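Using the hints, put the two standalone chains together into the complex.
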Amino acid sequence: MTAAGPSGFSRVVLAVGAPMPRPAAVTAAVDLAAAVGAALEGLFVESAELLRVSALPEAHETSPLTGARRRLAMDDLERAFRIEAAHLERLLAAQAAQTSVAWSFTITRGELSTLALACDAELIVVEATRRATALARPVRVEGPLMALFDGTASARRGLAATTRLARRTGRAFIVLVPAGNTSTSRSARSAVEAWLAAEDGEAILVPLHLGRAEVLATARARRCALLMLPEPLASTWSPDVALLADATPCPLVIAR
Amino acid sequence: MNAATRLSPEQLHPRCDPAQFAFATTADLDDLTETLGQDRARAAIDFGLGIARDGYNLYVLGPPGAGKQTLLRQKLSQQTAATSTPPDWCYVHHFGAPHEPRVLRLPPGRGTQLRDDMRRLVDDLLAAIPAAFDSDEYRAHREQIEAEFGERQQKAFSELAETAGTQEIALLRTPTGFTLAPVRKGEVISPEDFAALSEEERKKISDTIEALQGRLEQLMRDGLKWRKEQRERIRQLNREVGQYAVGSLMGDLRERYAELPDVIAYFEAVERDLVENIDDFRHGGEAQAAIPGLGDGQAPKFRRYEVNLLLERAAADGAPVVFEDHPTYQNLVGRVEHMPQLGALVTDFTLIKAGALHRANGGYLLLDARKLLMQPYAWEGLKRALITRKIRIDSLGQIYSLVSTISLEPEPIPLDVKIVLFGERIWYYLLSAYDPDFGELFRVAVDFEDEIPRTADNQQLFARLVATIARRNALLPFDRGGVARVIEQRARDVEDSERLSTHMQRLVDLLTEADFLARRAGAAAVGAEHVGAALTAQRERAGRLPARVRQSILRGTVLIDSSGEKVGQINGLSVYALGDQAFAKPTRITANVRVGDGEVMDVQREVQLGGPIHSKGVLILASFLATRFSSNRPHSLRASLVFEQTYGEVEGDSASAAELAVLLSSLARAPIRQAMAITGSVNQYGEMQAIGAVNEKIEGFFDICKERGLTGEHAVLIPESNVKNLMLREDVVQAVSENKFQVHAVRTIDAAMALLTGLPAGEPDGLGEFPADSVNGRAAAQLRAFATIRQTYAAAALPRKLTRGAKKRNA
Chain A
39 MTAAGPSGFS RVVLAVGAPM PRPAAVTAAV DLAAAVGAAL EGLFVESAEL LRVSALPEAH
99 ETSPLTGARR RLAMDDLERA FRIEAAHLER LLAAQAAQTS VAWSFTITRG ELSTLALACD
159 AELIVVEATR RATALARPVR VEGPLMALFD GTASARRGLA ATTRLARRTG RAFIVLVPAG
219 NTSTSRSARS AVEAWLAAED GEAILVPLHL GRAEVLATAR ARRCALLMLP EPLASTWSPD
279 VALLADATPC PLVIAR
Chain B
1118 MNAATRLSPE QLHPRCDPAQ FAFATTADLD DLTETLGQDR ARAAIDFGLG IARDGYNLYV
1178 LGPPGAGKQT LLRQKLSQQT AATSTPPDWC YVHHFGAPHE PRVLRLPPGR GTQLRDDMRR
1238 LVDDLLAAIP AAFDSDEYRA HREQIEAEFG ERQQKAFSEL AETAGTQEIA LLRTPTGFTL
1298 APVRKGEVIS PEDFAALSEE ERKKISDTIE ALQGRLEQLM RDGLKWRKEQ RERIRQLNRE
1358 VGQYAVGSLM GDLRERYAEL PDVIAYFEAV ERDLVENIDD FRHGGEAQAA IPGLGDGQAP
1418 KFRRYEVNLL LERAAADGAP VVFEDHPTYQ NLVGRVEHMP QLGALVTDFT LIKAGALHRA
1478 NGGYLLLDAR KLLMQPYAWE GLKRALITRK IRIDSLGQIY SLVSTISLEP EPIPLDVKIV
1538 LFGERIWYYL LSAYDPDFGE LFRVAVDFED EIPRTADNQQ LFARLVATIA RRNALLPFDR
1598 GGVARVIEQR ARDVEDSERL STHMQRLVDL LTEADFLARR AGAAAVGAEH VGAALTAQRE
1658 RAGRLPARVR QSILRGTVLI DSSGEKVGQI NGLSVYALGD QAFAKPTRIT ANVRVGDGEV
1718 MDVQREVQLG GPIHSKGVLI LASFLATRFS SNRPHSLRAS LVFEQTYGEV EGDSASAAEL
1778 AVLLSSLARA PIRQAMAITG SVNQYGEMQA IGAVNEKIEG FFDICKERGL TGEHAVLIPE
1838 SNVKNLMLRE DVVQAVSENK FQVHAVRTID AAMALLTGLP AGEPDGLGEF PADSVNGRAA
1898 AQLRAFATIR QTYAAAALPR KLTRGAKKRN A
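Chains as they are written, first to last, in this note's numbering: chain A, 39 to 294; chain B, 1118 to 1928.
In isolation and in its complexed conformation, chain B is listed as follows (with noise of 0.2 angstroms):
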């Protein structure tokens, strides 16, 4: 290729042939099983998914859409089919301390039946127990001890009273005590009587009174006492008789839990309990009824023999693939939820809820990094599963001390879990910079191509690929030319003629609406045709912006001219992106020359409103000036660079080739042709480099001049280095082909300068001297002007300076 190439229409839009396909339409493919183009991520999961050891989580890299999640399902749904299904967890009451529930693991589907079987239990108890204390034995075995207490009672009362009557003293009730009196023949006595008594008499009787007293008071200690053995025989008898009803009802469920420790410990744990507690069953369920405001209804005091199943699997489910679209941080721990009681909030261990992490355990849990960092502790509280290897359940209102109701401290339940996040890549190069642990504990990147080679063969699978989402979404099938037309559009997305995109939600958006429009059209396979008026449908509907615009420039707000020719004024090329969409429009730059001491000065840089990648560009073509021109002579050039009618930042170097064409323009007093546009940047020798969005900088430009009425003079120079990622509209490429519309591939800035002035650029001679009629020989000569003039007015300058120097010496 020459230093400047005139674009042929092939060259702006590589076809893809539909004679390449064999299939008259998509249905007659076969659908396509693996991710097109992703053996690096499918050779990735296929490692983390099967090394089972710390630390190998999963981070899926790439961008929204790129089937990312598709593929890890795929890749799951053949893992777990192979994987046994984890065992069950349940909650159960702590009888020793009750704010600390202890958990269970039995094998799959048997925590349900431990739950029934509880729940049977405490049933069948309040049917037997009462039934064994209304019986005729236990009320026979109760009177006796009742009998025994009242008849020691009754005799030692009748020995005191026997005692005290044998010295004239009777033992009377009070309302509220005892007392004792002295009586004459079983009358007691008058106080006139007892006053007429001598006072040896009065203090006989005392003593006596004072004596019984003692014993009285003896008598009232040993009731308490009795009455305390009392109550422990009778405890004691309830106990035996509990003992019995339980003992038969639990020893069943013993033998069927017998292979399981921890269960069998726990039965213990209930049977003490329960014997201890028997009189809550000794009166059935009635004592228990539900009060309003207590919560569910169920009896508070059997709540604690409930098994609280978190979760309900079957043994052959396998393991479990969890995706938790909400990742909170109880959302992912789980959380004690509370109820009302009479105006306080209660909770037990019934109350404890399953997490994202209790229900992926054993198993796999999919997680979307971005929702995850963005929930409170969430992050954290993740991590610090995977570090534990335990799931502990802590509200945030007590982390961080907000919420004073009494809460659960459940014991955590050993973590198994293989953890998968799907993330765009600045997730995961910011966790990797900024997060010590996330290289501990995501081993496994699984980085996802957002592109593919544009082979024949990757044609090939991208037309099969196109027949498995039509049958899968119930699409139309695609005729070889709607294929073809989406694989260009799929070179178009990544900006490439020679690769493809895998992005695959904008795929499926574009088939869907070329089906619609197909069916609309009656037609029974969608063609190149549907493919083409979804683009331009979908480019419509995105247009507001662009067209606004462009009739800012139209109507003259924003000024450009498309013809005849200005010297120190070029258009260069600004792409805008907004979302997901991107436009292009021209911009028009000028340049002012006059002399100075070297410097290039960048109206955007000095205003700050331009980026660093600018300001950068601007030094290397001030590089270029000053090498090319003044290499044994002072680089006597200032120069001023303006991006006309910009009010924003501007960043990027892809006008870095049309800020050094419009500076030796103005050097030279070349005049550039207004009809063409130029996009790239340069380096320090004058080669242009590839810039990013050439596709929609050329048909920004394009859209302006077709307005206007295009001439055939109309045209863009590009870098050469930008020709493969030309993948041009229709209408572009159609105005190339009638010769309405000119595309250059240039390679250095003298090629561009030449076709833009008309003027040859020159090529130095053996002494370095460019021809006199060249852009650059007419530039050299300017810069020559320059530096003479500033010699001329530096030596006018010299001898003033040296007339001061020397009045301060005589001075």
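Chain A on its own, in the form it takes in the complex (with noise of 0.2 angstroms):
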């Protein structure tokens, strides 16, 4: 593992299951490896689950350009992934040539949840879109970057890093606390207060029951340019973050 930097974080990992992963998905990783000072490394995972089914007898796949029904091929799938890989490898070396982060790019086959989480990364970025339902993305995310706090380490973890972030980037900042009344709200509201004022950051807290519902409809309204969640609460969320990452509107940053 690479040496944590000044600001405890060493590795940003940005995991991207096929197919066609957003542009922004790739800035998002390379401003956030900037902005903590960290390495990045791109993941690009051929999903183990598509060669499955390629390989039943009778696969087709059905085109929304013509709507046309043809055979899903085992090689024609392995070479639309070793393009996708590509298209990623040359987008990451081109922003991070910008920045003058260091960074590395992995291709790997399996599935995209396991893999992403069993990297050796303070924060992940993860980008896919397994299910059709992923369909509707909006394609401008132009608002604000959005951090949860929940008060857990990563979660704090993630406050660093999104501050940092948004300082780097100018974006405007929204920390997501509890709602209500009650000590857990409370106590979050002034961690995350004492940590902006340490740190002469600014943000807009914004108490909200933090169901991922109301979450991910709130980072839609707001049209947020990254969700920063911490991993326990995305695992609760859903055991496939690969799924979560398909729901969300915007990149998906898991903080551990």
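Keep in mind the hints are simulated off the structure, nothing from the lab. It cannot be assumed that every hint is accurate.
Unchecked claim - Below, in silico cross-link-like pairs of lysine to aspartate or glutamate (EDC-like), each with a Cα-Cα straight-line distance of 16 angstroms or less:
{"id": "1", "chain 1": "B", "residue 1": "1302", "chain 2": "A", "residue 2": "87"}
{"id": "2", "chain 1": "B", "residue 1": "1321", "chain 2": "A", "residue 2": "96"}
{"id": "3", "chain 1": "B", "residue 1": "1418", "chain 2": "B", "residue 2": "1240"}
Unchecked claim - Every beta carbon over 12 angstroms from chain B, so not counted as near; a handful from chain A, in silico:
{"id": "4", "residue": "46"}
{"id": "5", "residue": "133"}
{"id": "6", "residue": "158"}
{"id": "7", "residue": "182"}
{"id": "8", "residue": "190"}
{"id": "9", "residue": "194"}
{"id": "10", "residue": "207"}
{"id": "11", "residue": "219"}
{"id": "12", "residue": "231"}
{"id": "13", "residue": "238"}
{"id": "14", "residue": "240"}
{"id": "15", "residue": "242"}
Please read all numbers here as calculations on a predicted model, not as lab measurements. We put the CB at the ideal spot given by N, CA and C, even for glycine.
In structure tokens:
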């Protein structure tokens, strides 16, 4: 493992499952690595699930462009993966070159969620479109950065990273804190305020019931550019982080 | 006057008496406001300019420099002051058919206003529309539409995925589409497990997937439809936003042009187009920035809202008067220009350029007929415009299919113009004869006089004309003597001592040169001596060729006798016209006679160097001879006539008197005085008739004689009817005054023969016989002798003919 920098972050992973990663996710990962002074590892995951489908007899795919149905052949699928991976690597190289972030790139085969969470990194940017429901994701994400703070260590790490990213990018910063007047919510708010004061950062604190639906709806409504979630909470919401990334309207970052 | 009269110096150059003028110099005189002696032309102009009906265009006939344009411009300036300014004409984009630009008619001055208003409108829209689309309200509306579509699609996919899940089928994305796969416990079934399934289970899975596949494909189709709906709703939203932004600005414009229905209709088309193409304005001018090679750098999409004001006019301008000096077809009817764009030539309505007809529309167009007729298609183009009363812009390239570049067909503009053509008479007569449209289109002929009578009144007016020209051209004033000398030259210019030339340009040239000489001499006014010097200088400048001809005679290359007597040889006088100058020289004419059958052989004609009028003259004199001397016997003359040492065509009958005289000399064996020359034509009765260039002819012979030394015997015989044409040079008149040279006016050939031979011509007696010692008597005797010889030979030949006839019969 790379030694952690002065900010306590050593590695950011961009885990991408085919197909069609959004440039916004790559930008978010590069900016994040630059903001926290960590190395960036690009991880392209060839979906074992799709390969398994292609091995089935009479496996077909339907094109949304033409509506035509054709045989889903393993060779075609692997060729498509290679193209996607090469595209991602070029994107990563170009953006990393602009920020002088140290980066590497790996192609592997398996399940995105498993492989992403198996990475040795403090921050994992997950970009996945496994299920068909991801079809309707908004393309433009021009709004603020959003981090969820529930008081956990992962949330603190996420808050720290997002604060630096906000400072670097000049974007607005929203911190979702537990709603209500409970001790948990009060202490979370205090902790965030204290952090911001210490870091000379600025953020808008938004009290919210920190349920999956509410958080994702808020991110959509605010046209967030990035959503930072602490890993424990994300795991609670969905054991399959790829499915969660699928449902998120903007690049999803898991803070560990 | 007798049949022959020796002319006095006064008859050779009728003077203009300076004493008739009351002024000291022309500075004392008022300007002459009317063109001198052009009453007929003036009346025709008044009529032509005054009548406002089709076809009453003007053709102004007359030689160049006659003052035609000056008079026309004077009249037009009076006419246009009282005429209202014609409307403005603008070309605008035709949104339905861009290759057929529309034309708008506006009151004078409003075209400029419309053009500026439309430019301002585009500028305002470039600010207002991006602002409207950048508003939170618009963004919220648009996101609402997009979210609705997204939710609709997501819901459909979710439902399909859920339905599939309940049947243990997963809906998955592939890099290039969607696939349906059987799952067990949330995982896609492995090929091995699938293979382990029973045939029935595999079929069931296959059927299930097939059924779901149908729904998936339907979903895809629905997706396309929803996207279309979404786009349409966004477009509608854009339209509504655009309509609001555009409508408020267009509303102001409509109010300003409410009284102009065509402009209002144009605004409606503009508004529809703006709303349909609102996206062009959403990003301001940025997306429309100039691209290298794209012409003038103006945003191409916004050019269609430009207004091409063909002509800028102010309400107070009055009717236009346009003189088109280079009347090509396109300079007349206008043109559609092209500009290079990325290697191709493109055009639009903003590149339509006005022609002279556009500029003169509602007023007057002045054209030079010769220039117009020399330009390809220009005359036809002008006629077509006048006949259709429309200005239609067609390029010559398109007409002749020489150019394949896409061009425009601009809407024709109604034409209301009065054409004034200037030209020489020959063009008018040719057009009248050969162009059937000409008479219909140019019904008013303005015929300028070349000359006016030399009356006392006209001489007074002429003095004022000199005063006017001197003042306008900043010349020194002319004193009375100077004016008188100018008037005499004006008579000489028309070869008529009783008339004056109206040719303005030649007059201005003379006055200007005389002024130059007077100034050089330090004179305060231009006098007769300066005018005379100017004329001499003009003659000297043009004198190279006459001098060479004179030299060839004096050196004996061309044989001309100016002394002594000779039978069958006479000095005729030939005139040479080169450009605007004419000069004359003596030409030796000789004749030989012998027995013949009455034919006078003109050598010039035989070798086809004689023109038809010349030949006519020879035939007339042959008829005269036959009638006078052989009315009761065979005309047994064969004569030959030659213009010696002429190598080009001889034309005209002005030498027919000389030819007749030399024939009579040859017949009568009467020597002719070579110190004399004769010019004039004769008719069948031997009467002398007037000829042209009489002054040049006399001077041509005088110059030769002067060079050889005047003896007092030298003389020129002219027809009596030419006396009024005499305006001879000063040195000729001087020589006559000093009895060194003579000019005789003769009425008949008999009078001429008496002078030429010194013998009496001879009058016939009661029997028609001439005195034996007269010219005619000797000629008659010679002809009788010829007849006798002819009869003798004819009698001798008759027995031989009869003998041949008898032999034939016997055989």
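Now the hints, each set against the structure:
no. : hint            : result
1   : B:1302 / A:87   : holds (13 angstroms)
2   : B:1321 / A:96   : holds (13 angstroms)
3   : B:1418 / B:1240 : holds (13 angstroms)
4   : 46              : holds (36 angstroms)
5   : 133             : holds (22 angstroms)
6   : 158             : holds (26 angstroms)
7   : 182             : holds (16 angstroms)
8   : 190             : holds (28 angstroms)
9   : 194             : holds (33 angstroms)
10  : 207             : holds (21 angstroms)
11  : 219             : holds (32 angstroms)
12  : 231             : holds (30 angstroms)
13  : 238             : holds (31 angstroms)
14  : 240             : holds (23 angstroms)
15  : 242             : holds (18 angstroms)
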